[in-house]
Amino acid sequence: GQQVMQIPQYQHVQEGEDFTTYCNSSTTLSNIQWYKQRPGGHPVFLIQLVKSGEVKKQKRLTFQFGEAKKNSSLHITATQTTDVGTYFCAGGGGTASKLTFGTGTRLQVTL
Amino acid sequence: SAVISQKPSRDICQRGTSLTIQCQVDSQVTMMFWYRQQPGQSLTLIATANQGSEATYESGFVIDKFPISRPNLTFSTLTVSNMSPEDSSIYLCSVSGGQTDEQFFGPGTRLTVL
Numbered sequence: 412g413q414q415v416m417q418i419p420q421y422q423h424v425q426e427g428e429d430f431t432t433y434c435n436s437s438t439t440l441s442n443i444q445w446y447k448q449r450p451g452g453h454p455v456f457l458i459q460l461v462k463s464g465e466v467k468k469q470k471r472l473t474f475q476f477g478e479a480k481k482n483s484s485l486h487i488t489a490t491q492t493t494d495v496g497t498y499f500c501a502g503g504g505g506t507a508s509k510l511t512f513g514t515g516t517r518l519q520v521t522l
Numbered sequence: 198s199a200v201i202s203q204k205p206s207r208d209i210c211q212r213g214t215s216l217t218i219q220c221q222v223d224s225q226v227t228m229m230f231w232y233r234q235q236p237g238q239s240l241t242l243i244a245t246a247n248q249g250s251e252a253t254y255e256s257g258f259v260i261d262k263f264p265i266s267r268p269n270l271t272f273s274t275l276t277v278s279n280m281s282p283e284d285s286s287i288y289l290c291s292v293s294g295g296q297t298d299e300q301f302f303g304p305g306t307r308l309t310v311l
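Those sequence lines, one after another, are chains A and B.
Going by my numbering, the letters in the first sequence line up with residues 412 to 522, in that order.
Going by my numbering, the letters in the second sequence line up with residues 198 to 311, in that order.
Looking at chain A on its own, in the form it has when it is part of the complex:
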């Protein structure tokens, strides 16, 4: 079945440093979504990318979908303590609306 891996599994940065998480799927995706889960919380939708090579920005967050639609990345510029949490990519590729979640990257930010 479809597998979606993320690296790194965990990253600890100091506030102000940049952060990037990478997402790789074993199969071509129809779309990629990104979610953020704060400690003790539930996943919250951030963005969806659909087109090959698409790049979207949300303030300090930049999302990219690979040309082959099998990989994606999330880059955070100048991290803040509010960025703490686990970031999941989720691939859509099979049944409509069904997602396969990546393994997640846990981000810790300290002052």
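Mixed in with the good hints, there may be bad ones.
[To be verified] Okay, the calculated beta carbon distance ranges per label pair:
#, chain 1, residue 1, chain 2, residue 2, range
1, A, R471, B, T227, 31 to 37 Å
2, B, T214, A, K462, 45 to 51 Å
3, A, V455, B, F258, 23 to 29 Å
4, B, S281, A, R471, 41 to 47 Å
5, A, K470, B, V200, 20 to 26 Å
6, B, L270, A, L522, 42 to 48 Å
7, A, Q414, B, S281, 39 to 45 Å
8, B, S198, A, G412, 27 to 33 Å
9, A, T431, B, C210, 37 to 43 Å
For the record, the hints were derived by calculation from the structure and aren't laboratory data.
Virtual Cβ for every residue (Gly too), placed ideally from N, Cα, C.
Place chain B on chain A using the hints.
Just chain B, lined up with the frame of chain A:
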């Protein structure tokens, strides 16, 4: 966006018993999803529940263990049957957005089986 509530928020159960988790949405939705998330892990899809049809289960999950009901467009239940400590996890329901595939999640049910 949809607002989703789950009951109970947490429970501690004895092995061999069953627990039914409720998921209520504030609007009518076609597709609802049930996930399991073990501590520090990713989300694993258990099944997709469409109103008016049988739930579709993912590999490794069976209806006898995780029966699902979907009586209407705003409500669903997931039962964890004949529980064992391995079933200890957080169970989340979600719904997909109207014209997009984004999913909105409930707050989750934290289940501990002793």
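| message | Given a hint of 23 to 29 Å, does the C-beta separation of V455(A) and F258(B) actually sit inside it? | response | holds (25 Å)
| said: Quick check on a hinted range of 20 to 26 Å for K470(A) and V200(B), using CB atoms only. | reply: 25 Å Cβ-Cβ, so the 20 to 26 Å window holds.
| Does the Cβ distance between T431(A) and C210(B) fall inside 37 to 43 Å? | holds (41 Å)
| Has the hinted range 42 to 48 Å been met by the Cβ atoms of L270(B) and L522(A)? | holds (47 Å)
| task | Mind checking the hinted window 39 to 45 Å against the Cβ distance between Q414(A) and S281(B)? | result | Given range 39 to 45 Å: violated, Cβ gap about 26 Å.
| task | Return holds or violated for the Cβ distance of R471(A) and T227(B) against the range 31 to 37 Å. | result | holds (35 Å)
| Do the beta carbons of T214(B) and K462(A) sit within 45 to 51 Å of each other? | holds (49 Å)
| field | Range agreement (Cβ of R471(A) with Cβ of S281(B), hint 41 to 47 Å) | value | holds (44 Å)
| task | Go ahead and decide if the range 27 to 33 Å is satisfied by the Cβ distance of S198(B) to G412(A). | result | holds (29 Å)
Violation of the numbered hints given earlier is confined to hint 7; every other hint is satisfied by the structure.
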